[in-house]
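Q: Sequence:
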Amino acid sequence: MRRLIWIFLFLLAVIRIVLYFRSLPHHPDGTRLRISNRLASEPIKYENSQRLSLSGFKFYLPLYIQIDYGDKLIVEGVVKGNKLLNVKLIKVITGDSFLFNFRNKLLDYYKKNLPYPHSSLISGVVIGAKSDIGNDFWDKLKKSGTAHVVVASGMNVTLVAGFLITFLTLFLARPIALPIVFIGVWFYAVLSGFDAPIIRASIMGSLTFLAQMLGRLKLSLRVLNITALIMLIIWPFWIVDLGFWLSFMATLSIIMFEPKFRKIFRIFPKFLRTDFSTTVSAQIGVAPILFYYFGQFNLLSPFVNMATLWTIPYITVIGIIGGILGLVYQPLGKIILLISYPLTSWFIFIVRMFGK
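Heads up: the sequence shown begins at 1 in UniProt numbering, then just goes up one per residue.
There could be a bad hint or two in this list.
Stated by the list, open to error - Straight-line C-alpha distance at most 27 angstroms; calculated DSSO-like pairs for lysine-lysine:
| no. | residue 1 | residue 2 |
| --- | --- | --- |
| 1 | K356 | K140 |
| 2 | K58 | K72 |
| 3 | K111 | K72 |
| 4 | K105 | K72 |
| 5 | K334 | K105 |
| 6 | K58 | K83 |
| 7 | K88 | K58 |
| 8 | K58 | K91 |
| 9 | K72 | K88 |
| 10 | K334 | K111 |
| 11 | K80 | K91 |
| 12 | K58 | K80 |
Just so you know, the hints here were simulated from the structure itself, not pulled from any lab data.
Using the sequences provided together with the hints, build the complete structure.
A: Listed below in structure tokens is the structure:
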């Protein structure tokens, strides 16, 4: 019976993916196309321009045009592959939801109360914002193999969940701590703007983590695979999405290898042992994908990640608390944010050292 369910879900996912891509409108190169849609990711800013992605097409607009995540755009351009050339911006409708406004206020607060690149690092880690990361620092992140930290990906969710369960089980029974972890993970998802990679990672992480706590390895793997297939049935376009594979491979690697690495790192205190074992395990799965996507690989990347990723859960939690309190009472929030300064300084120091 189980095998039949597996076969049914797999075939259904394949059929759904094939039908989805066959149903996509085909626009030959040279076609003049008008697109109207809401911006679902941060613009990537360069020295004189910004790159945007809308309805599957990438295009560039001048940097002086103020465009933010959540804005609705109407653009017109000439199709060339998956790009739009000679783009004309017809209209920008500013995103006015509470969530978008809250994110923008957080970004402004971080920029006003922390120096660059500390503010950009916290903005990226907490809500996946990449718009204020300079080219030089972004290049060092890629070369050191740590760029995935400031991309809203499953790694962030995994690290936050791991930190919460480790911290809470120091003084709470695991059955009590587990629901709090789920609440924390989904609060982080909301704060990140319900960005697609964060939703994926939250679903995968929550279900798989629950299975891991309640069952055995086989149950965790089964839940992860079923979750991935159901996701592809609902959102077939995720099959070609980097974030989907980062979330899946990071979670799969943690299920497979984290218990083994936890034994290897048993000489460390419990909180460091869990952080190190989770980080190294996740790296095994995501390193090949990051190499393929970013086009470069640092042989020291696993060690760089071991040296830096343990700071991410702490930076995330401090950034969330400091940011939210700062919007209510700025001096208090700033004091809390400054607690993260040694951690962000360490992260930036390592990235600059190994990103040359």
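Q: Given the hinted pair K105 and K72, is their Cα-Cα distance within 27 angstroms?
A: Distance ~19 angstroms between K105 and K72 Cα, so the pair holds.
Q: Given the hinted pair K58 and K83, is their Cα-Cα distance within 27 angstroms?
A: Distance of about 5 angstroms is within 27 angstroms: holds.
Q: Is K58 close enough to K80, meaning Cα to Cα at most 27 angstroms?
A: Given pair K58, K80 holds - Cα atoms ~10 angstroms apart, limit 27 angstroms.
Q: Has the given pair, K334 with K111, been kept, meaning a C-alpha gap of at most 27 angstroms?
A: Status holds; Cα separation ~11 angstroms.
Q: Holds or violated: K72 and K88, Cα atoms, limit 27 angstroms.
A: Holds. K72 to K88 sits at ~15 angstroms (cutoff 27 angstroms).
Q: With a cut-off of 27 angstroms on the C-alpha distance, tell me whether K88 and K58 pass.
A: 13 angstroms, holds
Q: Mind checking the alpha carbons of K80 and K91 for me, to see if they're no more than 27 angstroms apart?
A: Roughly 22 angstroms separates the two Cα atoms, so the pair holds.
Q: Run the distance test for K356 versus K140: straight-line Cα separation, threshold 27 angstroms.
A: 7 angstroms, holds
Q: CA of K334 to CA of K105, is that 27 angstroms or under?
A: 14 angstroms, holds
Q: Check the hint pairing K58 with K72 against an upper bound of 27 angstroms on the C-alpha distance.
A: Measuring from Cα to Cα gives roughly 15 angstroms; hence the hint holds.
Q: Tell me if the straight-line CA distance from K111 to K72 falls inside 27 angstroms.
A: OK: K111 and K72 at ~25 angstroms, within 27 angstroms.
Q: Check whether the Cα positions of K58 and K91 lie no farther apart than 27 angstroms.
A: 17 angstroms, holds
Taken one by one, the earlier hints all hold for this structure without exception.
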